[in-house]
Amino acid sequence: MRAYQNKKDVQKKSYYNDRFYVTPQTPKEPIFNDSTYSNDVSSLSKKVEILESYIELGELVVYIKPQDNIEAITHLRDIMAYDMLMELSAIDYIAARGGFEIFYEMLSTSKRKRIRVKTFIKQDQAIESVEPLFRMANWSEREMYDMFGIKSNNHPFLKRILMPDDWEGHPLLKTYPLQGDESAQWYEVDKIFGKEARDIIGPEQRDDAAIERYDTTRFSRLGHEVPFATDIRDGKEPDHTPLAYQEEGGVVIGKSPRLVTKFDENESVVLKERR
Amino acid sequence: MQQKNRLKPFFENINFEREDNTMIVNFGPQHPSAHGQLRLVLELQGEEVVKAYPDVGYLHRGMEKMGENMIYNEFLPTTDRMDYIAASSNNYGYALAVEKLIGVQAPRRAEVIRTMLAELNRIISHLFWLATHALDVGAMSVFLYAFREREFAMDLMEDYCGARLTHSAVRIGGVPLDLPKGWITQLEKFMFTLTEQIEIYEGLLTKNRIWRMRLEDVGIVDEKMAKSWGCTGLVLRGAGVKWDLRKEMPYGLYPELDFDIPVSHTNDSYGRYKLHMQEMHESMKILKQLIPMYKESPIELMAISPEYISSSKEEMMTQNYSLMQHFVLVTQGMRPPKGEVYVATESPKGELGFFIVSDGSPYPYRMKLRAPSFWHTGILQDLLPGYQLADVVTIIGNLNIVFGEIDR
Numbered sequence: 012m013r014a015y016q017n018k019k020d021v022q023k024k025s026y027y028n029d030r031f032y033v034t035p036q037t038p039k040e041p042i043f044n045d046s047t048y049s050n051d052v053s054s055l056s057k058k059v060e061i062l063e064s065y066i067e068l069g070e071l072v073v074y075i076k077p078q079d080n081i082e083a084i085t086h087l088r089d090i091m092a093y094d095m096l097m098e099l100s101a102i103d104y105i106a107a108r109g110g111f112e113i114f115y116e117m118l119s120t121s122k123r124k125r126i127r128v129k130t131f132i133k134q135d136q137a138i139e140s141v142e143p144l145f146r147m148a149n150w151s152e153r154e155m156y157d158m159f160g161i162k163s164n165n166h167p168f169l170k171r172i173l174m175p176d177d178w179e180g181h182p183l184l185k186t187y188p189l190q191g192d193e194s195a196q197w198y199e200v201d202k203i204f205g206k207e208a209r210d211i212i213g214p215e216q217r218d219d220a221a222i223e224r225y226d227t228t229r230f231s232r233l234g235h236e237v238p239f240a241t242d243i244r245d246g247k248e249p250d251h252t253p254l255a256y257q258e259e260g261g262v263v264i265g266k267s268p269r270l271v272t273k274f275d276e277n278e279s280v281v282l283k284e285r286r
Numbered sequence: 039m040q041q042k043n044r045l046k047p048f049f050e051n052i053n054f055e056r057e058d059n060t061m062i063v064n065f066g067p068q069h070p071s072a073h074g075q076l077r078l079v080l081e082l083q084g085e086e087v088v089k090a091y092p093d094v095g096y097l098h099r100g101m102e103k104m105g106e107n108m109i110y111n112e113f114l115p116t117t118d119r120m121d122y123i124a125a126s127s128n129n130y131g132y133a134l135a136v137e138k139l140i141g142v143q144a145p146r147r148a149e150v151i152r153t154m155l156a157e158l159n160r161i162i163s164h165l166f167w168l169a170t171h172a173l174d175v176g177a178m179s180v181f182l183y184a185f186r187e188r189e190f191a192m193d194l195m196e197d198y199c200g201a202r203l204t205h206s207a208v209r210i211g212g213v214p215l216d217l218p219k220g221w222i223t224q225l226e227k228f229m230f231t232l233t234e235q236i237e238i239y240e241g242l243l244t245k246n247r248i249w250r251m252r253l254e255d256v257g258i259v260d261e262k263m264a265k266s267w268g269c270t271g272l273v274l275r276g277a278g279v280k281w282d283l284r285k286e287m288p289y290g291l292y293p294e295l296d297f298d299i300p301v302s303h304t305n306d307s308y309g310r311y312k313l314h315m316q317e318m319h320e321s322m323k324i325l326k327q328l329i330p331m332y333k334e335s336p337i338e339l340m341a342i343s344p345e346y347i348s349s350s351k352e353e354m355m356t357q358n359y360s361l362m363q364h365f366v367l368v369t370q371g372m373r374p375p376k377g378e379v380y381v382a383t384e385s386p387k388g389e390l391g392f393f394i395v396s397d398g399s400p401y402p403y404r405m406k407l408r409a410p411s412f413w414h415t416g417i418l419q420d421l422l423p424g425y426q427l428a429d430v431v432t433i434i435g436n437l438n439i440v441f442g443e444i445d446r
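Those sequence lines, one after another, are chains E and U.
Following the working numbering, the numbering of the first sequence begins with 12 at its first residue and continues without gaps.
Following the working numbering, the numbering of the second sequence begins with 39 at its first residue and continues without gaps.
It cannot be assumed that every hint is accurate.
Taking CB as the label site, the calculated pair distances span [unchecked claim]: (1) U:365 to E:17: 21 to 29 Å; (2) E:60 to U:141: 31 to 39 Å; (3) E:178 to U:368: 51 to 59 Å.
Because the hints were derived from the structure by calculation, they are not lab data.
Backbone N, C-alpha and C fix where the C-beta goes; we use that ideal spot for every residue, glycine too.
Using the sequences and the hints, build the whole thing.
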């Protein structure tokens, strides 16, 4: 029987967890520890409903409802002087909570403060685009769509940005494997040679650390050499081939020319001790 | 659209059969002035750009996904490959982010060395920018001069960490090595020559008529546009906003250092060129202040935090618990507390941010890399229309975009 694999979250997991280990939390301070932040929150709470707010590692984090995002960000930009939106993306919590957390990382150049506005949307829910407020959201939301499949309503040009347009799947989802899924294996084969060549070429090996024991086309076999592309899948490989990797007749190297004769394993000696 | 045919050559770049008189040109992804893998689809009316569409992603390696599947220490060499012109700045930014998450402060000497590396790297990056930008615009000799000096700066890097481009010279919690013998003297010598060399570059360019004609009033990014597009670094300072994270939201040793933030109010490429030159002087000023700080600092290089960071070699070889802990940290990785952190540093390109979400496991739950060049490329679609085709090369070069960090 195959071992059970959790398909909902294929992120690499630690192979060992201590049963009695209690995960610590980063310190979360109440907002009244910082006068600027408490002003911001009280002003923002008059506009939109704030679900939760705290200061985490020196930065204000505010949770709002997803339908309030435009109003909240407009208020923060125009009234609270958070004049730049630095980053916008999502965090995949589908396995745990059935949706995504979207964060807006804002910066105020006059107050020298950062604020993170966060909101939770369900898996197939779209969010209103903040592109009319900040042009940078044009690319960020495209990236968010590309990586998570989250759609932004009223985005002028919601198209994949980093992955090819005809790519299948959204790579940053926890359900998406690191080496790519099955359609990723066929993507380049189909694109370059056509679907009809699938049988001839086979799926692309996308694990760059993969080693195939009997592949004589891509892996050299030092000490067990066979001619290129010999089929040795039945295990019929030579026990030992003499090491020989220099040109016939030797090589001349150095400024004062010195001939390095061709290495011959039969004439070589293995030293017992370092000279 | 033309049909592919062996007798009739197929020009995939050009679409002739348009009713209006505009022409679509595919600039890149293999264009030498595209600074990497930028595909820029330009719609031209004569020589004037009517519409521009930057297409990125040709260097996408999925670093954020890789980060989620690596332990924290494993990911550090990957950050080298973001902005590969200034690898140490990325290492430093990443290390600072993780240190803030786990609540560790690197020892003073480590901070001095990191800041030195970051500033030296800023000089390397600016020299590279100057060389390639001047080459794009047509000043071939500046390229050779600037690259020569950059080689010497990279020699210094090589003396310290053994690598010239992808340094990985910083560790989470400090630096692995002290400066080698004679490094400071070499650095002083380098700074002495660089000061002379910058005069030569400026002599070749600043008053050069062709250089000024190509750069002045080209690529105008005003404050509103820069802020709306999330532009930081020299693009924002070139738009007259005095905003440098080293000064405004300082981290590391920067509060103790005395340096200026050059600002240009001309909004154009020429102003940004001048800023780059001034910033190299400012970086040298910082380096000169760091030398006495280095000499005064105690010799510790790595923070002591047994829960997260391996002990020193000496302790590991003598203390059983240190060796056990080291084994756990290497095989399983550190487990930071559950929480989120966003740390931004001023890289040579702009605000480089690392947003790390930790769920308490040795693998980050989410790692968002905020690369400044990403938005400096995005702005092209608003910036380019109205300029001539020849200005496109100037603007791309001037914005100092590096594709390693755009596509990540």
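How does the Cβ-Cβ distance of residue 178 of chain E and residue 368 of chain U compare with 51 to 59 Å: does it lie in that range?
36 Å, violated
Please test the hint of 31 to 39 Å on the beta carbon pair from residue 60 of chain E and residue 141 of chain U.
Given about 32 Å between the Cβ atoms, the range holds.
Between the beta carbons of residue 365 of chain U and residue 17 of chain E, is the distance compatible with 21 to 29 Å?
28 Å, holds
Consistency note: the structure conflicts with earlier hint 3 alone.
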